[in-house]
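Peer 1: Listed below are the residues making up each chain.
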Amino acid sequence: MNSNVRRGRRRTFFGVDLLLAVLGGIALGLAYAWVISPVEYVDADPSMLRPEFKDQFRAAIAASYAATGDLDRALARLGLLGDPDAAGALAAQAQQMLAAGADFSKIQQIAQLGADLQARPPVRPVVLPSATPSSAPLPTSTASVGMLTGTVTGTPVPAQTPTPRPSFTPTLTPGAGFVLVAQESLCESADAEPLLTVIVLDASGRQVPGAELIVTWDGGEDHFFTGLKPELGDGVADFEMAGDVNYAVRVGAGGAPVANVSAPPCAGTGGDSFAGDLVLTFRQP
Amino acid sequence: MLAAFKRLGLPLSLGVAIGLLYGWVIQPAEYVDVSPIILRADYRADYVLMIAEAHTAELDPELAAQRLAVLGPEPPSTIVLSAIDQARKQAYSTEEMDLLQRLLADMQLFQLDEQ
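The listed protein sequences correspond, in order, to chains A and B. Using this note's numbering, the first residue of the first sequence is number 1, and each one after it goes up by one. Using this note's numbering, the first residue of the second sequence is number 1, and each one after it goes up by one.
Hints in this document: simulated from the structure, not taken from any laboratory. It should be emphasised that the depicted structure is a prediction, and the values quoted were computed from it without experimental measurement. Be a bit skeptical, because a hint or two may be false.
[As the list claims (entries may be wrong)] If you only want the chain A side, here are some residues facing chain B, beta carbon under 8 Å, derived:
(1) Gly15
(2) Asp17
(3) Leu23
(4) Leu28
(5) Gly29
(6) Ser64
Ideal Cβ positions, reconstructed from N, Cα and C, are used throughout, including at glycine.
One chain only, chain A, in its complex shape:
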């Protein structure tokens, strides 16, 4: 009887022992495979890049686009970064660069590419590559990205024929200065800081993305661009004003400056006054 009990206990002990040893081995194996000697990647694709390198990649794409004007190729290259919203990522990057005081020409390249993507009508993706299961992530790429080659599997989707299209994106015409055509005061909220909203239109009345706005005031100057907040509109930009400061606003270096721009005085519900918002509309003559 006693020996049966002992044998039973030993069997249970052995079972727990076995389980613990296997689990310990798995832990050791995983630690080695994930931490000590993980799989080494040598053929990474751009979607795996660190965010700051993705920013540099985007800047290079925008600079190349500024030189070549090839939107299809720029779009295909942006697709490699795996951003769910390429135009949004460009707008966010332009805003970050603006806040960091980066070179305006570089910001404008990025903003322009973002705005042109926004203005582009939706098209079917050029290629819908399916993932190739593999221990090393090989890019399944696209023939339209320059000369990149990759493994494209699955049912081929007819590629969009890159036929030349008439340019529908309003762009700035060098030398044509924008002039103020409308001004509207808004007294909506006493709580928020007064906001200057600028709308930039081309000669045919379409909003112009990527237009540089220059705001100067006594002792200061700021530059910003239309189209950085696509939710407001491609040709719209806004600027937070101080309640008691006079500004001069112009569109681009050649635009006619509009002086004495300030937050309009508004009357609150309790008879108090507050600084309201201002909307300026510039148009190319």
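Please build the complex by placing chain B on the supplied structure of chain A, with the hints as guidance.
Peer 2: Just chain B now, kept in the frame of chain A:
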């Protein structure tokens, strides 16, 4: 001793094997924040082509060299040279090869100036 090994060593080895299989093959460590140094050669070449395209308009060798530096610590001309090799393998167009060659020449001059 042998009994102890049988009791613990074999299950431990089995566990290690399972762990390695899972960690290396089934679910390898995911790299999500890598540096461009390990970009695949064709992506590197396309990045260099972008720099070359931008360079034709900007004509700023210092800026081009800064952008190329993202790809590694090698001199910019070496990076462009590698890209040209890759471009040849991928049969880049003559126009694209010309852009890369022009960038190479400018980077070589830039390096000489720097020295």
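Peer 1: Now tell me, hint by hint, if it's right for this structure.
Peer 2: Hint check:
1. Gly15: violated, 11 Å
2. Asp17: Since chain B brings a Cβ to about 6 Å from aspartate 17 of chain A, closer than 8 Å, the hint holds.
3. Leu23: holds, 6 Å
4. Leu28: holds, 5 Å
5. Gly29: holds, 2 Å
6. Ser64: Holds: closest Cβ of chain B sits about 4 Å from serine 64 of chain A, inside 8 Å.
Against the hints set out earlier in the document, a violation occurs for number 1 only.
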